[in-house]
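There are 2 protein chains.
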Amino acid sequence: MTFEVTILGSSSATPVYNRNPTAQLLNCNEKFYLIDCAEGTQQQLIKFGLKASKIDYVFISHLHGDHYFGLIGLLSSMHLNGRIKPLYIYAPEAIKEILELQFKHSDTHLKYELIYFAIDASKPKIIFENNDVIIETIILNHRIPCTGFKFTEKKRLRKLLVEKLESDNIAIELYPLLKRGVDLELPNGDVLKNSDYTTDSAIPKSYAYCSDTLYDESYFDSIKDCDTLYHEATFLHEMIDRAKETHHTTALQAAQIATIVGAKQLLIGHFSSRYKTLNALLDEAQSEFPNTALALEGNTFQI
Amino acid sequence: MTFEVTILGSSSATPVYNRNPTAQLLNCNEKFYLIDCAEGTQQQLIKFGLKASKIDYVFISHLHGDHYFGLIGLLSSMHLNGRIKPLYIYAPEAIKEILELQFKHSDTHLKYELIYFAIDASKPKIIFENNDVIIETIILNHRIPCTGFKFTEKKRLRKLLVEKLESDNIAIELYPLLKRGVDLELPNGDVLKNSDYTTDSAIPKSYAYCSDTLYDESYFDSIKDCDTLYHEATFLHEMIDRAKETHHTTALQAAQIATIVGAKQLLIGHFSSRYKTLNALLDEAQSEFPNTALALEGNTFQI
Chain L
44 MTFEVTILGS SSATPVYNRN PTAQLLNCNE KFYLIDCAEG TQQQLIKFGL
94 KASKIDYVFI SHLHGDHYFG LIGLLSSMHL NGRIKPLYIY APEAIKEILE
144 LQFKHSDTHL KYELIYFAID ASKPKIIFEN NDVIIETIIL NHRIPCTGFK
194 FTEKKRLRKL LVEKLESDNI AIELYPLLKR GVDLELPNGD VLKNSDYTTD
244 SAIPKSYAYC SDTLYDESYF DSIKDCDTLY HEATFLHEMI DRAKETHHTT
294 ALQAAQIATI VGAKQLLIGH FSSRYKTLNA LLDEAQSEFP NTALALEGNT
344 FQI
Chain G
44 MTFEVTILGS SSATPVYNRN PTAQLLNCNE KFYLIDCAEG TQQQLIKFGL
94 KASKIDYVFI SHLHGDHYFG LIGLLSSMHL NGRIKPLYIY APEAIKEILE
144 LQFKHSDTHL KYELIYFAID ASKPKIIFEN NDVIIETIIL NHRIPCTGFK
194 FTEKKRLRKL LVEKLESDNI AIELYPLLKR GVDLELPNGD VLKNSDYTTD
244 SAIPKSYAYC SDTLYDESYF DSIKDCDTLY HEATFLHEMI DRAKETHHTT
294 ALQAAQIATI VGAKQLLIGH FSSRYKTLNA LLDEAQSEFP NTALALEGNT
344 FQI
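From first to last, the protein sequence lines are chains L and G.
This note's numbering puts the first residue of the first sequence at 44, with every later residue one more than the last.
This note's numbering puts the first residue of the second sequence at 44, with every later residue one more than the last.
Because the hints were derived from the structure by calculation, they are not lab data.
All the pointers check out, no bait thrown in.
Each pair may be met inside one copy or between any two copies, as identical chains are not told apart.
Mimicking DSSO-like on lysine-lysine, the simulated pairs with C-alpha atoms at most 27 Å apart in a straight line are: (1) K198 <-> K267; (2) K202 <-> K307; (3) K147 <-> K166; (4) K319 <-> K90.
Only a predicted model underlies this, so the values are computations on that prediction, with no experimental measurement involved.
Just chain L, with the same shape it has in the complex (with noise of 0.2 Å):
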């Protein structure tokens, strides 16, 4: 199954150096979840030729414009393109007034559903169910209600040894029982053992997205296993009185909590613009946790 996360902004703040403020997209078994939707996402999704017509579910941590800005403008463009489908919005309750303001003052009547979810920022909650994941919230520690988003596939059915069922006549009606682990009896009273002819499907794997955040341990349990951690990583550590007062993470700090959650990759981004080049913030976060990468626009991760 497909599982993987391309970046689409990893500027904090402000566009500067080329670097987009915060947008990732998220293909989970060919459906795809925006994560946050700064200003400039549209025009990012069309340089690195993603559809935004593929995009059912759009999910806002919290409303920092740099977060939130270019949300009015791809749902603008959905609506220009024809766009029918619903789509789903998970924010702060305080996205819908604000949208629809706007379309309102612009004299817009989508010709598609717009259906909101209004996240609540108090406490980790399962917002978010289908076949393929499970979403759940992150309670962030910033300057106004932030989540961050943990996505979890589902466990899969059972694979089928499909040769050996075949060698072994067996009727292929019974493929959905053994593919859901059960042990069968047949009528002549064999018994059709599942381990002989199925394997486990993989592990599910897990993508944690922190966006916003001061290094705060009460969220640790939410992202505790993940496979591919996601963190904000503003600052140097040298500038850790500043990430404290603004409510930010230093690359330093992001490494360490990778490291305390026991994830296996740690995607670092949402880089201050006082750092024309990357290089220490990417050096600082190795020193911790060997790998992290930089979450650059135009790459893409496999979770």
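Please arrange chain G on chain L, whose structure you already have, making use of the hints.
Same frame as chain L, now just chain G:
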């Protein structure tokens, strides 16, 4: 005096083919006036090496998103980049509610003042005047209230013939009066004839910006004899029915308007996403009005 416009966006409705929706930066005597502000305008300013910090005035033609969705991001970045001088916004009244709702929910308290001027789209008016320029609204005919803007240079003071003044030992204290065109009688009875010591300054030029509109003679008086006319030309004339339906103009009509109003130069823009290349639009306009140019991103036109 510098009087030039730099194009930041040439696309209608949505970004496409590396074309961004509408925004323009007018430089009049090194003061900077932003005209419309689509999503991505701040990125375009960076791309073309233009400083947002120099902009003191913003003019928004109407509240369709492809003309203003970039404003909230631009204002936020100005704040984050330390702006303290006021910014003047000339726009439909609702812009204030739209911006302030978003500042409220991001808990943003701007370090500079926003001074709003609510545009009345019912009749043409002078809405701005300083030592350099007079700005008047143009009442366009679009699906929602929409105004263009005509920027007319102020007549400059007369130019001193300094060599002649110096060789005749005319006191410097008298220069300001001569610049104003006054003939002077000196205490000894001599008369300084202004025309002996000064020449007339250049004839003031004007730039008319017509963003989104149906072809409608009612606004032609407002743009009569402008030096440079920017006019939207969303469609080829073969799409005249679609142009009427959506309250837009064809390239041929834009050129006809330039002819009728006696413009010296025509810039066309706001191109539909149906046109991957723009040669046909330019050819159509030039067949009627030869001195037409495509108003493309990054191009600067002297007025």
